[in-house]
Amino acid sequence: MLVKVFIFYPRGLQSQVATVDLYPWYKNNLIDYFSDTVYRNCFEPPWFFLGSVDTVWQPKCNTIKSPEYVKAVNVWIYLSNHVESAFIRRCLLMFIDMHMLNIKTLDATGLFTSNNIISSDITDDVIPNIVMDVLPPYKHGKEKNKILHALSKALPQRCQIRNLKEIIITYVSEDDHFFNFLLQVMKNSLLGTYQHCSVRLNFKGRYILWDSFENQLTSKPFFCKWFRNGSDHQVLIFFCLKEYLIHATREAAPVSDVIDKKYGWGKFEKQVCLFMNRIRSRLNVIADREFNFFVRSDWIANIETILINAAKQHIKLFRTTPQVTYYSKIHQLIMKHFTLKNVFKVYDIIQPEVTHLIWNVIQRLYKAENIFKMMPVFDLPVETMNGLLQQTFTQEHFEQQTPKTLKYILEFIRLLELRKKIGLYVMPVHIFEQQIDAISKKESCKREECTHFGINYLCFICNDIKMFIMKETNISRHSNCLAKGSLRIVVNNQATHGNLEYICGRRTERHQRHGKRKWRDNEAVAQRKLIKEKQRDAISHRCISTPLKEVDMIGHFLSFSNKMMFLCTKCGNACTINKKCFLYDNVISCSMCMHHQKKMCEKCCTLTTCNSILVLDTKLARFRKGNLCVACTGIHASAQPIIL
Amino acid sequence: MEPTWTTMNNRKSCRDRVGSEDIPAVVQELLKDLPSETQTILRVDDNYPFDSNDKKEAEEQFLNNKNTNKLLQDSKNCYDYIFLRQLLKKSPLDSVYTNRKFSDANKNRPVVEVSHRSYEEEFLREPKQNERPCVKGDNCEGLFISTTDKGFVLREYLLPSQYKTFLQTNTLPSCPQLCLLCRRAAVTRMYVNYRADGDACSNGAIISDIRNYVAVTGEYCLDQCLLPTGHQYVGLYDPVVHHVRKHLVAKRISGIRYYKQVGYRYPDAGKSLHFLS
Chain A
1 MLVKVFIFYP RGLQSQVATV DLYPWYKNNL IDYFSDTVYR NCFEPPWFFL
51 GSVDTVWQPK CNTIKSPEYV KAVNVWIYLS NHVESAFIRR CLLMFIDMHM
101 LNIKTLDATG LFTSNNIISS DITDDVIPNI VMDVLPPYKH GKEKNKILHA
151 LSKALPQRCQ IRNLKEIIIT YVSEDDHFFN FLLQVMKNSL LGTYQHCSVR
201 LNFKGRYILW DSFENQLTSK PFFCKWFRNG SDHQVLIFFC LKEYLIHATR
251 EAAPVSDVID KKYGWGKFEK QVCLFMNRIR SRLNVIADRE FNFFVRSDWI
301 ANIETILINA AKQHIKLFRT TPQVTYYSKI HQLIMKHFTL KNVFKVYDII
351 QPEVTHLIWN VIQRLYKAEN IFKMMPVFDL PVETMNGLLQ QTFTQEHFEQ
401 QTPKTLKYIL EFIRLLELRK KIGLYVMPVH IFEQQIDAIS KKESCKREEC
451 THFGINYLCF ICNDIKMFIM KETNISRHSN CLAKGSLRIV VNNQATHGNL
501 EYICGRRTER HQRHGKRKWR DNEAVAQRKL IKEKQRDAIS HRCISTPLKE
551 VDMIGHFLSF SNKMMFLCTK CGNACTINKK CFLYDNVISC SMCMHHQKKM
601 CEKCCTLTTC NSILVLDTKL ARFRKGNLCV ACTGIHASAQ PIIL
Chain B
1 MEPTWTTMNN RKSCRDRVGS EDIPAVVQEL LKDLPSETQT ILRVDDNYPF
51 DSNDKKEAEE QFLNNKNTNK LLQDSKNCYD YIFLRQLLKK SPLDSVYTNR
101 KFSDANKNRP VVEVSHRSYE EEFLREPKQN ERPCVKGDNC EGLFISTTDK
151 GFVLREYLLP SQYKTFLQTN TLPSCPQLCL LCRRAAVTRM YVNYRADGDA
201 CSNGAIISDI RNYVAVTGEY CLDQCLLPTG HQYVGLYDPV VHHVRKHLVA
251 KRISGIRYYK QVGYRYPDAG KSLHFLS
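So the sequence lines, in the order shown, correspond to chains A and B. Following the numbering used here, the numbering of the first sequence begins with 1 at its first residue and continues without gaps. Following the numbering used here, the numbering of the second sequence begins with 1 at its first residue and continues without gaps.
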């Protein structure tokens, strides 16, 4: 039975509203599986079962008023140990978990009270984020999600367990959601509820651990104290997070396969599954032994010894720092070579025509490295070309080369790197159409006249982007929303062919007032700063003598120096992409222009910037989000619910 | 240029055919049965090119030019290099064609269709009589859903435009297609691949021809979708639902098996709910 429910939280209706199945999937599967057997009535009241079964769980209360339920629970326990299908065994154990509160209540009172708890697994919500925000090549932005950060610590990389203890304690203290997530992940791992678990915790273990989780660990101060005092508890959490990662990548269908082929994820998966199954086996043994004990041993400390051994064999699949390519390394070494010889203008012999030719050729190559095959065209040695193609050309060969050869190699590598970091992609029709609409509205022109409004510039020498990119700020004058044209551009009226040309003006705008600071440093530091300054001067000299590259941004998505840029479909300004781009509209937009969009206040009917507030609409007899201006929000927000 | 091929019957000046090395024995046998007037065999006229010495010299020069490895400073322009000339005649790769204007791309601009949640839910079931199953057959993603051990092969997914044609003409697309779940899984696979390969391998292709609405009542939540990233091209411009096996639960309605998307939340569901319902 599917029922739509919505949950009230102290701060109002939350977005976690979902269609909840009152019969969870595992219960449906059990009813379906045992439908033609004698156990068919064991899963629903009145818990009717005629046969006899071994009693594993005997309620502690002397006066049992629901013997049918006790029998039914023991049937579930019996079936969970004897059913052939691993899937049904898993369903049975999950069903027992669902009834654990009932079992405990009956244990205490002898009376069955139906606590129909349908707890949705809060860890499920994080699965889609694993692909985008945890697996490499994820780059952490300013907004750090605590759960995703903790999960990224569980990745198979080096130095991951370092600081985990401090991070976990800080996040648990700060964030309830993170704390609940962590408890759930620990519970799932210890009980073995994941699909990939080949060993699951038996009823006795679940019965004991349920008490620990519900009565002890759910208390935040207790958890923090427990976690801080135990020297090895971080290893347990480390592995629980790892197992969750494995579960998430498997649930996200082909992700596990792809990362196995790319990085060898299978090795990591195998190791974690092996050790986690081993700890559950150990827990099963301990649970069988100590189920009826009054004083039990420290189960967690017992299993942590297994995990400490596992942590020593930490698998490292991903890099923590970006890999420097062979060609970048050669570029750095040649620059150093020239610096030692006090040569800073390394591009002086490279004519603009040469650069133009190399760039035109490299634009047409599928394998960009093949550009080195063009070296003999410029009378450069074939051996050097072969060395670069086979990546055998090293620092030792520099002395044998003429300065001309080395300078040409620098230019080839520069353009090769440029080719890798630039991309101009064609956008689909629906985005293009909206961009044209936005620009025609912004520029007050017809759609056909928008041709030139998308033109902007890039400097291929200093990699400067000349667009006014929308910035998220509360101060509107800095958001660039009113900006037009390009920035940091100088017009050269002395170009060789007599025409005007646009050149990069980045260096000319650079402030020099702190330039004298270098003289206060010691000699070595001052020397280093002088060298840097000379290198920058050389680049800026080339910058101002090279025309800018023109790009048409309409209907295009520009990728340059790890920035993805496009024209907003609402305001027509250039912006970078982030998750907020889809919050306000169904087509990608900058999202900043939507902040200040004027709406009609539903209380005072003023056309102004409004807040989206939860209100109770008396006409519709339902809650909905209403638009209220700042003044009305201040007046009415304290008296919840706001009635319209 | 005039043709260098001529027929045997039309030209008398060509040499006689002798026990030819270029006519196979089997054909020779067949020719014996035919009268010579009716035989028309293409042959090379050896004397033909010697019409003018100028032409011969021009041809030789042309061929020599092709085989000269000139230095750049000796050449009049870069096009003296035949391999470079051939390469530069080609258009640049799509993803690095920085000179492209928007009007150049308009003809081949990709179309991405909107797929609503309610529309998609129609395809999360077994096929009926006039429908086809997923082209992946026994490898269909519908068989690997983790909340059931009795999965089933789903119905082939049709784009909204294809579905319109299907309703109007009752004809399915000529090639069988993937079901919705396999389609989502394929998008996820390509998405992860794009990210893992880095910018070096991005060719500008779009990995999904459908898009989903997010943050709209009755549709999907933003955080359950795959999105374009801010540091790398991933082949997406719009949100596409991220396939998670656990988010689907099998149901049987009127004898037909369906998958319900119970794990995919509704955004801002308060709008669609009655007070105290």
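Don't read these hints as lab results, they were simulated from the structure. Mixed in with the good hints, there may be bad ones.
Calculated pairs, DSS-like style, for lysine-lysine (alpha carbon to alpha carbon, straight line, at most 30 Å) [what the hints assert, rightly or not]:
| no. | chain 1 | residue 1 | chain 2 | residue 2 |
| --- | --- | --- | --- | --- |
| 1 | A | Lys619 | A | Lys146 |
| 2 | A | Lys270 | B | Lys136 |
| 3 | A | Lys65 | A | Lys144 |
| 4 | A | Lys563 | A | Lys261 |
| 5 | A | Lys563 | B | Lys107 |
| 6 | A | Lys261 | A | Lys316 |
| 7 | A | Lys549 | B | Lys89 |
| 8 | A | Lys563 | B | Lys90 |
| 9 | B | Lys260 | A | Lys441 |
If you anchor each label on the Cβ, the simulated ranges turn out as follows [claimed, not checked]:
| no. | chain 1 | residue 1 | chain 2 | residue 2 | range |
| --- | --- | --- | --- | --- | --- |
| 10 | A | Leu389 | B | Asp209 | 34 to 44 Å |
| 11 | A | Ser219 | B | Arg117 | 18 to 28 Å |
| 12 | A | Asn309 | B | Phe144 | 39 to 49 Å |
| 13 | A | Glu166 | B | Gln162 | 32 to 42 Å |
The beta carbon of each residue, even a glycine, is placed where N, CA and C say it ideally should be.
The hints, checked one at a time:
no.	hint	in the structure
1	Lys619(A) with Lys146(A)	41 Å, violated
2	Lys270(A) with Lys136(B)	28 Å, holds
3	Lys65(A) with Lys144(A)	52 Å, violated
4	Lys563(A) with Lys261(A)	28 Å, holds
5	Lys563(A) with Lys107(B)	27 Å, holds
6	Lys261(A) with Lys316(A)	15 Å, holds
7	Lys549(A) with Lys89(B)	21 Å, holds
8	Lys563(A) with Lys90(B)	28 Å, holds
9	Lys260(B) with Lys441(A)	43 Å, violated
10	Leu389(A) with Asp209(B): 34 to 44 Å	39 Å, holds
11	Ser219(A) with Arg117(B): 18 to 28 Å	40 Å, violated
12	Asn309(A) with Phe144(B): 39 to 49 Å	34 Å, violated
13	Glu166(A) with Gln162(B): 32 to 42 Å	55 Å, violated
Hints 1, 3, 9, 11, 12 and 13 from the list above are not met by this structure, while the remaining hints are.
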